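One-letter residues, chain by chain:
Protein chains: 2
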Amino acid sequence: MKAEIITIGEELLDGSQVDLNAAYLGSRLTSLGAVVVRITSVPDAVDDIEAAAARGLEMADVVITTGGLGVTADDRTKQAVARLFGRKLVLDEDVLDCVRARFEARNLPMPEINIAAAMLPEGARPIENQRGTAPGLLFERGDALMFVLPGVPLELRSMFENFVSPFLEGRGLRALGQERLIRTTGLPESEIAERIEQLTRRLARTDVAYLPSVTGVDLKVTGRGETPAEAAKTAEKSQGKIAAKLEPYVYARGDESLEKVVGYLLSMKDSTLSVAESCTGGRLGWRMTRVPGSSDYFKGGVITYSDDLKKRLIGVKAASLKKHGAVSEETALEMALGVRKKCATDYGLAITGVAGPGGGTEDKPVGMVFIAVAGETSKRVRELRLVGGRGSIRRAAVQAALDLLRRLLLDIEEPG
Amino acid sequence: MKAEIITIGEELLDGSQVDLNAAYLGSRLTSLGAVVVRITSVPDAVDDIEAAAARGLEMADVVITTGGLGVTADDRTKQAVARLFGRKLVLDEDVLDCVRARFEARNLPMPEINIAAAMLPEGARPIENQRGTAPGLLFERGDALMFVLPGVPLELRSMFENFVSPFLEGRGLRALGQERLIRTTGLPESEIAERIEQLTRRLARTDVAYLPSVTGVDLKVTGRGETPAEAAKTAEKSQGKIAAKLEPYVYARGDESLEKVVGYLLSMKDSTLSVAESCTGGRLGWRMTRVPGSSDYFKGGVITYSDDLKKRLIGVKAASLKKHGAVSEETALEMALGVRKKCATDYGLAITGVAGPGGGTEDKPVGMVFIAVAGETSKRVRELRLVGGRGSIRRAAVQAALDLLRRLLLDIEEPG
Numbered sequence: 001m002k003a004e005i006i007t008i009g010e011e012l013l014d015g016s017q018v019d020l021n022a023a024y025l026g027s028r029l030t031s032l033g034a035v036v037v038r039i040t041s042v043p044d045a046v047d048d049i050e051a052a053a054a055r056g057l058e059m060a061d062v063v064i065t066t067g068g069l070g071v072t073a074d075d076r077t078k079q080a081v082a083r084l085f086g087r088k089l090v091l092d093e094d095v096l097d098c099v100r101a102r103f104e105a106r107n108l109p110m111p112e113i114n115i116a117a118a119m120l121p122e123g124a125r126p127i128e129n130q131r132g133t134a135p136g137l138l139f140e141r142g143d144a145l146m147f148v149l150p151g152v153p154l155e156l157r158s159m160f161e162n163f164v165s166p167f168l169e170g171r172g173l174r175a176l177g178q179e180r181l182i183r184t185t186g187l188p189e190s191e192i193a194e195r196i197e198q199l200t201r202r203l204a205r206t207d208v209a210y211l212p213s214v215t216g217v218d219l220k221v222t223g224r225g226e227t228p229a230e231a232a233k234t235a236e237k238s239q240g241k242i243a244a245k246l247e248p249y250v251y252a253r254g255d256e257s258l259e260k261v262v263g264y265l266l267s268m269k270d271s272t273l274s275v276a277e278s279c280t281g282g283r284l285g286w287r288m289t290r291v292p293g294s295s296d297y298f299k300g301g302v303i304t305y306s307d308d309l310k311k312r313l314i315g316v317k318a319a320s321l322k323k324h325g326a327v328s329e330e331t332a333l334e335m336a337l338g339v340r341k342k343c344a345t346d347y348g349l350a351i352t353g354v355a356g357p358g359g360g361t362e363d364k365p366v367g368m369v370f371i372a373v374a375g376e377t378s379k380r381v382r383e384l385r386l387v388g389g390r391g392s393i394r395r396a397a398v399q400a401a402l403d404l405l406r407r408l409l410l411d412i413e414e415p416g
Numbered sequence: 001m002k003a004e005i006i007t008i009g010e011e012l013l014d015g016s017q018v019d020l021n022a023a024y025l026g027s028r029l030t031s032l033g034a035v036v037v038r039i040t041s042v043p044d045a046v047d048d049i050e051a052a053a054a055r056g057l058e059m060a061d062v063v064i065t066t067g068g069l070g071v072t073a074d075d076r077t078k079q080a081v082a083r084l085f086g087r088k089l090v091l092d093e094d095v096l097d098c099v100r101a102r103f104e105a106r107n108l109p110m111p112e113i114n115i116a117a118a119m120l121p122e123g124a125r126p127i128e129n130q131r132g133t134a135p136g137l138l139f140e141r142g143d144a145l146m147f148v149l150p151g152v153p154l155e156l157r158s159m160f161e162n163f164v165s166p167f168l169e170g171r172g173l174r175a176l177g178q179e180r181l182i183r184t185t186g187l188p189e190s191e192i193a194e195r196i197e198q199l200t201r202r203l204a205r206t207d208v209a210y211l212p213s214v215t216g217v218d219l220k221v222t223g224r225g226e227t228p229a230e231a232a233k234t235a236e237k238s239q240g241k242i243a244a245k246l247e248p249y250v251y252a253r254g255d256e257s258l259e260k261v262v263g264y265l266l267s268m269k270d271s272t273l274s275v276a277e278s279c280t281g282g283r284l285g286w287r288m289t290r291v292p293g294s295s296d297y298f299k300g301g302v303i304t305y306s307d308d309l310k311k312r313l314i315g316v317k318a319a320s321l322k323k324h325g326a327v328s329e330e331t332a333l334e335m336a337l338g339v340r341k342k343c344a345t346d347y348g349l350a351i352t353g354v355a356g357p358g359g360g361t362e363d364k365p366v367g368m369v370f371i372a373v374a375g376e377t378s379k380r381v382r383e384l385r386l387v388g389g390r391g392s393i394r395r396a397a398v399q400a401a402l403d404l405l406r407r408l409l410l411d412i413e414e415p416g
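Residue numbers (our numbering), protein chains in the order written: chain A, 1 to 416; chain B, 1 to 416.
Think of the hints as simulated: they come from the structure by calculation, not from any bench.
Warning: the hint list may mix true and false statements.
[To be verified] In silico SDA-like links for lysine to any residue, alpha-carbon gap of 25 Å or less: (1) K342(B) to V18(A); (2) K323(B) to S295(A); (3) K342(A) to K341(B); (4) K342(A) to D308(B); (5) K341(A) to D47(B); (6) K364(A) to G225(A); (7) K342(B) to V37(A); (8) K220(B) to S31(B); (9) K342(A) to K317(B); (10) K311(A) to G315(B); (11) K269(B) to G359(A); (12) K260(A) to G359(B); (13) K364(A) to S295(B); (14) K2(A) to G225(A); (15) K88(B) to D47(B); (16) K233(B) to E256(B); (17) K269(B) to D308(B); (18) K260(B) to G389(A); (19) K317(A) to S31(B); (20) K311(B) to P292(A); (21) K322(A) to K269(B); (22) K220(B) to P228(A); (23) K2(B) to L187(A); (24) K220(B) to K322(A); (25) K2(B) to Q17(A); (26) K220(A) to T72(B); (27) K341(B) to R312(A).
[Said to hold, decoys possible] Chain A is faced by these chain B residues, among others (derived, beta-carbon under 7 Å): (28) G26; (29) P111; (30) I115; (31) G281; (32) G282; (33) T289; (34) G301; (35) I303; (36) S320; (37) L321; (38) H324.
Please read these numbers as outputs of a predicted model, since none were measured by experiment.
Where is the CB? At the ideal position from N, CA and C, for every residue including glycine.
Construct the complete structure from the given sequences, taking the supplied hints into account.
Have a look at this one:
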């Protein structure tokens, strides 16, 4: 079953509002087994809405519009679809009673303008709005369906869950594609492609999408099948084969964050962690504490943005700073050892680098970052050369530091 | 000038990614004076992209596509537009040199797959990609323009600001509406509306949009006029009048962040800052250090997620923790005083609270947060009752702490 989503409103076109409704509908339709073939956003104008809806019906089995369904003057969806289907707007007494009842329940008089909510295209089926005034509409033409839904997210979601979703399931729609995630860090997208391209071409009934960001590349593996169970089996098998090609850069088979994986590994070893951050200014701590319950293994740490605090708070030696500089293997390691000792934790994790835009030199350019981890009997340190702006460099450095700890906890060697 | 935006990628259609690129382009094109007439999202398939691009050229003077421009197998935009314009893909040696240089700068061998980035449709003008590998493309056909841009937000934005925007301005497109921003924190949207509604109704040729978030409400003031200069004058006058009604909740008239404003105030007083964070785990430090050059006034601090580290690192008294608890006025104040002393800075800023979802009690529910600031001769402490999930509570707490410091530095009293 093919679906088109049409979102209506100037606020989407001029960028003053992000189109969250489209993402919601796309996700829900996909999980029901429909394939969303297009999303179109148009202004709240009768001609534009009618044209988009007509084009939607040419291509898709199900068209869902959202927006332009209120009772104010700039809501024109109902007129547009009435014209498209050649129907007149007539007063629906049942709907009017419902609208009146909503106002009465709140002891309010009903403003006249709300009568418009009960004017429906002849032959359209009203969809109850449990969260607002104007009902939604369902048109059927042959096998094609058009759902006309409101743009207020709460009303839209309530109507979709209570009416549209069960209606489509009643039509025999159910999930035929199943998705599984592989999360990687440390390998560029192009290298991942080289490693898995031959394999993915051979994998039957499987699609792979790359989702790159500054912290790594996620792979979305979609398996298809005649039944949801078969699709899930295909997805899981393909996920396993692809992930095997990308170890040890894979930190999660699923949607877990790296901080959650690291937290899990620390818990398993009954170990605790503290952090020392220079150029990242606290983001590593923020990441670790995004996980509820992280206080079991994460104790805290220090933000040693200045050299003075590197000495004062965690005992980095003045001589080391003088000889090697704040951005060096030696300082990173002293920070990790120092914070571990000062905070009395099992592991200490440290970051120091040049985030830019200023402060770079020929020897130590912007993007040069050292990360280090120290445990009771083990320590590691790595040099990174990161690219991008200040924000990207700092985000990528935190991710690499978390991965350094993950690899140590799993006893995986660092890449060469 | 009419514009159409085409965003490409299955991740948009199946809702696994919200279409932030469309919102960005919509907002930028609108502010340049173009009218965005449609946004279309299509899958990464040659036929779909070609059809959407062709339809875009029928309706709009400028078509911008984003996505599907990488070097992996699921990136097909280049093939689609080449076919639409009847052009062959040929190797562009200059572009290949640029791609090679990017890898060489990082001391990496260039994977063969990246040669694809330098295969360009004949006659298309490459647009330099300062943030990534694959260049963008510009096609001209008669008066119509088509910009083919990448989907990675950082690359897209860099290309739009450095190439597309100046190019369109060179074509005579210029802003007839001028925008000015007012940034507030600490006042709910409904209260802002009550304070300024009468005024904004009276203001000529001015629109005001509310942009609320967990850290405050921004107001976008748009002034209109016959010329850009006139529009700018209207926008600034209106901005001044509205901001006057909202003092002292206004922290910026422009797009400055609160951390930048606080940093400026610290610099003016030649003062330094350190932070002590419990429930926010490092975000306050991360925010302060987002500003390049912040090392002039921000020295660092401590993340005292555990009670033990509150004592160990900054000398919070065991007796205080026992008597009042970690989430209390007393502890917040001891943290601010302690970190100030330990880090030898002019000011210490501290946060302690219950971020949830667990850990709340009747006395100290989820969302209860104490923030405190200590200077040489002054100190302040405030209790917050924040709502929302863990992420919202932590973000809002950091913003409130920064504003506590701002008000102290400006000698503005705390609200009742």
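Hints, verified against the model:
1. K342(B) to V18(A): Distance of about 45 Å is beyond 25 Å: violated.
2. K323(B) to S295(A): 21 Å, holds
3. K342(A) to K341(B): 17 Å, holds
4. K342(A) to D308(B): Satisfied, since the Cα-Cα distance of roughly 11 Å is no more than 25 Å.
5. K341(A) to D47(B): 61 Å, violated
6. K364(A) to G225(A): Judged against 25 Å, a Cα distance of about 53 Å means the pair is violated.
7. K342(B) to V37(A): Given that 25 Å is the threshold and the Cα spacing comes to 60 Å, the pair is violated.
8. K220(B) to S31(B): OK: K220(B) and S31(B) at ~12 Å, within 25 Å.
9. K342(A) to K317(B): 18 Å, holds
10. K311(A) to G315(B): Within the cut-off at roughly 18 Å; holds.
11. K269(B) to G359(A): 24 Å, holds
12. K260(A) to G359(B): Distance ~19 Å between K260(A) and G359(B) Cα, so the pair holds.
13. K364(A) to S295(B): 18 Å, holds
14. K2(A) to G225(A): 17 Å, holds
15. K88(B) to D47(B): 16 Å, holds
16. K233(B) to E256(B): OK: K233(B) and E256(B) at ~20 Å, within 25 Å.
17. K269(B) to D308(B): 34 Å, violated
18. K260(B) to G389(A): Roughly 17 Å separates the two Cα atoms, so the pair holds.
19. K317(A) to S31(B): 53 Å, violated
20. K311(B) to P292(A): Satisfied, since the Cα-Cα distance of roughly 23 Å is no more than 25 Å.
21. K322(A) to K269(B): 30 Å, violated
22. K220(B) to P228(A): 47 Å, violated
23. K2(B) to L187(A): 41 Å, violated
24. K220(B) to K322(A): 49 Å, violated
25. K2(B) to Q17(A): 19 Å, holds
26. K220(A) to T72(B): Holds: K220(A) and T72(B) sit about 14 Å apart, inside 25 Å.
27. K341(B) to R312(A): 11 Å, holds
28. G26: 3 Å, holds
29. P111: 5 Å, holds
30. I115: Since the shortest Cβ distance to chain A is 11 Å, the answer is violated.
31. G281: The hint holds - G281(B) has a Cβ within 7 Å of chain A, the shortest such distance being about 3 Å.
32. G282: 3 Å, holds
33. T289: At 3 Å from the nearest chain A Cβ, T289(B) passes the 7 Å test, so the hint holds.
34. G301: 5 Å, holds
35. I303: 4 Å, holds
36. S320: Hint violated; S320(B) Cβ to chain A Cβ min 18 Å, cut 7 Å.
37. L321: Since chain A brings no Cβ nearer than about 14 Å to L321(B), farther than 7 Å, the hint is violated.
38. H324: 19 Å, violated
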